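Next come the chains, spelled out residue by residue.
Number of protein chains: 2
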Amino acid sequence: MGLSASKKLSTGLKHCTLWKADRSPACRAVMMSLDAMNLSVTEVDINIDKEEHKTPQMLSLNPLQTLPVFKDRELVLCDSHAICTYLAGRYCDSGRLLPKDPGGRSIVDQHMHYNSGILYPRFRAAAYPILYGNCKYLNAQQIMDIECTYYDLECMLVGKCWFGGSWATLSDIIFASSVSTLNILVPVDKYKFPRLSGWLYRVSEELFYVTANKKGLCEFTKRIGELPQVQKS
Amino acid sequence: MGLSASKKLSTGLKHCTLWKADRSPACRAVMMSLDAMNLSVTEVDINIDKEEHKTPQMLSLNPLQTLPVFKDRELVLCDSHAICTYLAGRYCDSGRLLPKDPGGRSIVDQHMHYNSGILYPRFRAAAYPILYGNCKYLNAQQIMDIECTYYDLECMLVGKCWFGGSWATLSDIIFASSVSTLNILVPVDKYKFPRLSGWLYRVSEELFYVTANKKGLCEFTKRIGELPQVQKS
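If you're matching them up, the sequences are chains W and D in order.
Taking the UniProt record's numbering, the leading residue of the first sequence gets 1, the next gets one more, and so forth.
Taking the UniProt record's numbering, the leading residue of the second sequence gets 1, the next gets one more, and so forth.
Keep in mind that the hints were calculated from the coordinates and are not lab data.
The reader is advised that the hints may include incorrect statements.
Derived coverage of chain D by chain W (criterion: at least 3 residues anywhere in the stretch with Cβ under 8 Å from a Cβ of chain W; other residues may be distant) [said to hold, decoys possible]:
(1) 79-86
(2) 109-116
(3) 186-193
Computed cross-link-like contacts, BS3-like style, restricted to lysine-lysine with a CA-CA straight-line distance of at most 30 Å [as the list claims (entries may be wrong)]:
(4) D:K54 / D:K136
(5) W:K100 / D:K100
(6) D:K192 / D:K160
(7) D:K54 / W:K100
(8) W:K71 / D:K54
(9) D:K54 / W:K190
(10) W:K54 / D:K160
Note that the coordinates shown come from a computational prediction; the quantities given were computed from them, not determined experimentally.
For glycine and all other residues, C-beta sits at the position ideal for the given N, C-alpha and C.
Could you put together the complete structure from these sequences and hints?
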């Protein structure tokens, strides 16, 4: 009921389209950002297993064959971080999710580049062989690499409840999509990473997480299969 | 003479410090951005081989042990992309290097995330075992991965002289730092990648490239050693 009311209040951007697959963390980051900003766009589900992201129409939009893809009139964007900051800069006046001052924004940008450059490649290295290959397990190096990122994130949270400071910003949304997904592969140990574990619990109670991350995360978990325990090869 | 005149005209930001190592592409991206904006900051050279980036002072600034590190009063940034966009947003009014409208900026952001997420990790995977291990050669997979990024960049340049469009923006500066360095490892073939090859020639004639990229690129090349030819293992 509450969720429906929230959806009714959202601003419809009928000229914008998002092509997405719910199980992708990058797509869920955009979906959470939209919900956090009370924005709605035309959403098109793409079935990756049926290679719908490689149709001529999709390739003309994004030759890199990745999702999400976002279109706002003539502007086409294919990077989830750039889509989220574009939406905040173009359609969200408050600056709450993405600070307007260069210093505040640079902190969010830095978090986003950590996600692009470290967190997401490690997710890709661990999950893709399971999703698209015949691999069933993570190897010891992959587990260690993921735990190293948990350690980095733990350090970033010293003295803070949220990555951006006092409230959830785009930093938290982007990290929520990646960490909640990595947590399926390598659970965040609450004794080794108490701040990160507490943050993951806090962010999972945010409305945008409930409306836009949970379903796709379940799909991912189901697809990964019943890994009885993440095992070292 | 021209360079000296250009340097004399730069705006000194005495409250800003950049810790850097010239052979790092990420550091050179920041140095080129500073020169392209006619800004100068206090620069501190860090000798990575002597592990000067791991001193207690450096670790207190950046626990991730990476370079560059940038400080502007209380603000500390450790990601080169975030540093470049911060400098442009805070100290460069024109919007020439980083468009002020959300659409134009989102294109630069997208290029930067491609650099963070794809280009730089492939550079790291290929160069670090040579720089910091006993490896002498690139393997076939590394060469193929790098050539795939050249292909992506070739596609991005369709119908354009510069990644941002009609003139050099931060996109070109960031890509210049990475591609000029990758070019040492896997030369950009002008027959396979004519647009990228033409762009690399054009960008290498820009003043910011001459003043802030060439020296470090030579250091990198020297350090990599006399690879007679990049060889497949």
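Within the stretch 109-116 of chain D, is the number of residues with a Cβ closer than 8 Å to a Cβ of chain W three or more? holds (count 6)
Does K54 (chain D) pair with K190 (chain W) here, judged by a C-alpha cut-off of 30 Å? Between K54 (chain D) and K190 (chain W) the Cα gap is close to 28 Å, so the pair holds against 30 Å.
Could you grab the alpha-carbon distance between K100 (chain W) and K100 (chain D) and see if it respects the 30 Å cut-off? Given that 30 Å is the threshold and the Cα spacing comes to 12 Å, the pair holds.
If you draw a straight line from the CA of K192 (chain D) to the CA of K160 (chain D), is it 30 Å or shorter? holds, 17 Å
Take a quick look at whether K71 (chain W) and K54 (chain D) sit within 30 Å of each other, Cα to Cα. Cα-Cα ~44 Å, so violated.
Apply the coverage criterion to the stretch 79-86 of chain D and chain W: a residue qualifies when its Cβ sits closer than 8 Å to a Cβ of the chain, and three qualifying residues are needed. With 6 residues in contact (Cβ-Cβ under 8 Å with chain W), the coverage given for the stretch 79-86 of chain D holds.
Quick check: do three or more residues in the stretch 186-193 of chain D have a beta carbon closer than 8 Å to a beta carbon of chain W? That given contact is violated, which follows from only 0 residues of the stretch 186-193 of chain D lying within Cβ reach (below 8 Å) of chain W.
For K54 (chain W) and K160 (chain D), compute the direct alpha-carbon distance and say whether it is at most 30 Å. The given pair, whose Cα atoms are some 25 Å apart, holds under the 30 Å limit.
Going straight from one Cα to the other, do K54 (chain D) and K136 (chain D) come out at no more than 30 Å? Status holds; Cα separation ~26 Å.
Can you confirm whether the C-alpha distance between K54 (chain D) and K100 (chain W) stays at or below 30 Å? violated, 33 Å
Hint compliance for this structure: hints 3, 7 and 8 are not met, and every other hint is.
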